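With chain A held as given, fit chain B onto it using these hints.
If you're matching them up, the sequences are chains A and B in order. Its first residue numbered 785, the first sequence is counted upward by one per residue in the working numbering. Its first residue numbered -8, the second sequence is counted upward by one per residue in the working numbering.
It should be emphasised that the hints constitute simulated quantities derived from the structure, not laboratory data. If you're wondering where the values come from, they're calculated on a predicted model, not measured in any experiment. Any given hint could turn out to be false.
Stated by the list, open to error - Subject to a maximum C-alpha distance of 20 Å in a straight line, what follows is the list of computed EDC-like cross-link-like pairs (lysine to aspartate or glutamate):
| no. | chain 1 | residue 1 | chain 2 | residue 2 |
| --- | --- | --- | --- | --- |
| 1 | B | K47 | A | E1093 |
| 2 | B | K309 | B | D384 |
| 3 | B | K174 | B | E134 |
| 4 | B | K251 | B | E213 |
| 5 | B | K210 | B | D171 |
| 6 | B | K259 | B | D384 |
| 7 | B | K251 | B | D285 |
| 8 | B | K196 | A | D876 |
| 9 | B | K40 | A | D876 |
| 10 | B | K196 | B | E213 |
| 11 | B | K388 | B | D315 |
| 12 | B | K153 | A | D876 |
| 13 | B | K47 | B | E337 |
| 14 | B | K309 | B | D74 |
| 15 | B | K404 | A | D876 |
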Amino acid sequence: MIGYLKGPGRVWVGLALGAVVLFVLAPSVLSDFRLMLLGKYLCFAMVAVGIGLAWGRGGMLVLGQGVFFGLGAYLMAMHLKLSDAGPGKAPDFMLLYGSGVVPFWWEPFRSPVVTLVAILLLPAAIATVLGLAIFRRRVKGAYFAILSQALAAAFAILLIGQQTTTGGTNGLNGFRGFLGYNLFDPVNKQLIFSIAAAVLLAMLLLTWHLYRSRYGELLVAVRDQEERVRFLGYNPANIKLVAYAIAAAMAGVAGALFVPIAGIISPADVGVVPSIAFIIGVAIGGRNTLLGPVLGTILVAYAQTTLSEQFPGFWTYFQGALLILVIAFLPGGLASLWTVVKRGRRPGPPSAAPMAAAAADPALASEQKVSI
Amino acid sequence: MAKTSQLPQKSRLLSLGCLALVSALALTGCGGSKVGSDTAAANTSSCVKTDGDTIKIGFLNSRSGTMAISENTVYAALAMAKDEINAAGGVNGKQLEVVAEDGASEPTIFAEKAQKLISSDCVAAVFGGWTSASRKAMLPVFEGANSLLYYPVQYEGLEASKNIFYTGATTNQQIIPALDYLKEKGVKSLFLVGSDYVFPRTANKEIKAYADANGIEIKGEEYTPLGSTDFATIVNKVKGAKADAVFNTLNGDSNVAFFKEYTNAGLKAATMPVVSVSIAEEEVQGIGAANLKDQLTAWNYYQTLDTPVNKKFVSDFKAKYGADRVTSDPMEAAYTSLYLWKATAEKAKSFAVPDIQAAAGGVSFEAPEGTVTINGDNHHIAKTALIGQIQPDGLIKTIWSSDQAIEPDPFLKTYPWAAGLGG
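Isolated chain A (complex conformation):
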């Protein structure tokens, strides 16, 4: 039914539906436990929005978003640990495994303001520095993907090695409060969920505006014909850099919200495997669309929970099979299903609607070679 609406109207309907589902329906029908699970999915979906921008529109296969997710998450977790410990005191795990002295680089995060600013800026700043080094040298395609993945592996190994200051494989957990609010209180759980939902919708709105802006056109142009854009007088490195930094910031915010919702962050949540899991959700949903990555990620995360409750150990096969099927038969993701079905019935030029056409866009063919 949504397919009959054209262009912007469709996105508005989608966002409004999303708002109703998240703010009204979900809190009233789901138990606290399921609501927090959905909250976790929403955090993954925030990462997916960024990946949609960087990969779907920018052609950069970001295989290491776990790094930025982890940065945001660890920043938030450090603050929560410190505020639980109380002024001037060290978190419990430092007393247990380390010297009991808070390292100097933990100290600034006693302040909630510093923490929030760092969550917003640090992932984006690191992505900018990395991006400058990578894009200026015109590293792209598989090389970029491998580089970003190596970064995720290195980050997880670094965290595991520094047990006395990062909690090692245990990660950081056992948070009691979130900015002064008790985390075990169901009312506060719902509040955190609402914050996550609002942030996700705001990110979607921002991304949608980016897609429709002049910058969005340029980003797609760089993805499809980087050299041609260069000849027109633009610097493709800067154009890609912006998308990469925004994707990193989104992943950082997602990580920061994940921590109070899940109650734990550990290296197992930020390494190579979770980084690839983010990509899988986006690929299955449809990386070129606005809502595809979000819905794909939520669907995959939901399926993971449900299937692992029903068939422990079997889930990973299903996930792999789904990814192979989508890449082989539906390169535009599930979001392109409608277009493909419609095209099958009425052969002819694909519709010009900006969001739906991407899958059928011949430009995508050239992009396929780079990204998969």
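This is chain B only, laid out in the frame that chain A set:
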């Protein structure tokens, strides 16, 4: 090829409207509800149903991921205990109904599934967990909801929670007796090899404190990432260090590579024995008994224990799962944990968490490893320490025993040399 889309004038207005709508909805989402309740546990009312013919319990083990090979055996032992208990009439006259969940070898998943078992399935108690990371991840969940976890694996100590019953050994029931044994045998120097995570690092911290106080020299301390299989360098260092013995806290697959390399380097148990605290009968099968000939282990249970209770446990297990299966310490501790919960619930005549906590002290059970008793203060259990030697058939023979059950002391308060180890 770039698509063109004109931004309609009214779209900007629309987007502002939407932003306002979103914020309004966000506010109504939390408005009118009180935030910031000060009570430590606002959500501790239990939803456990005790009025039917059955009582629900949860099994939470890694059925997928790297830990599955170990935790599946714990699951099997738990399932056997459940069947036995149900066949004998259940607990307090109620049949056990098990909800099994997969922890997927990831701490975050353990925390999530523990929450599910407690708040969605309303189980009376949860049994499972293996790695310290999984236990640490579950601890705040069980404390927050005031529910019960029975954790069946030996661990690094320095922990006690009123919501966890530790039915595996703490350090003074496994590692310290092993050190006592080595000292008794005249060992003057040690080399420490471990996986890079909490248990080996904490255990080695304790071993170093012990060595310091007992005049044992530590010739080296090496860590490898979990799952690492490259041991050429480390074994070379071990060989060069010429320590009297090696203390091994490696976990999982790494042991296979380590012992192959150890044997290849010409090192033998007779000249430089390796004492392992994470290798049980199940792991010996995987590593190969030939690579482990005469090496030492420290546990509280071996399949070869010659007691009537253990003979029945082993034969029942083989009858249920196959004659080629072996039984090991964590499996026995898991089996025992379910019976200890049963005994406590029957003593308390209740399934309520406060009643179980109050009744737990002094509850004992004739386990395959011998009589075990719950310590009411720290929720660990008194166990007998056993040093074993790996036989060519892959089973482990007891060569030294602490003779009586050692009272659990997770914070090592009764050991002067351990002062200042933390906790």
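Starting from the hint list further up, note which numbers the structure goes against and sort them upward. The structure conflicts with hints 3 and 9, although it agrees with all the remaining ones.
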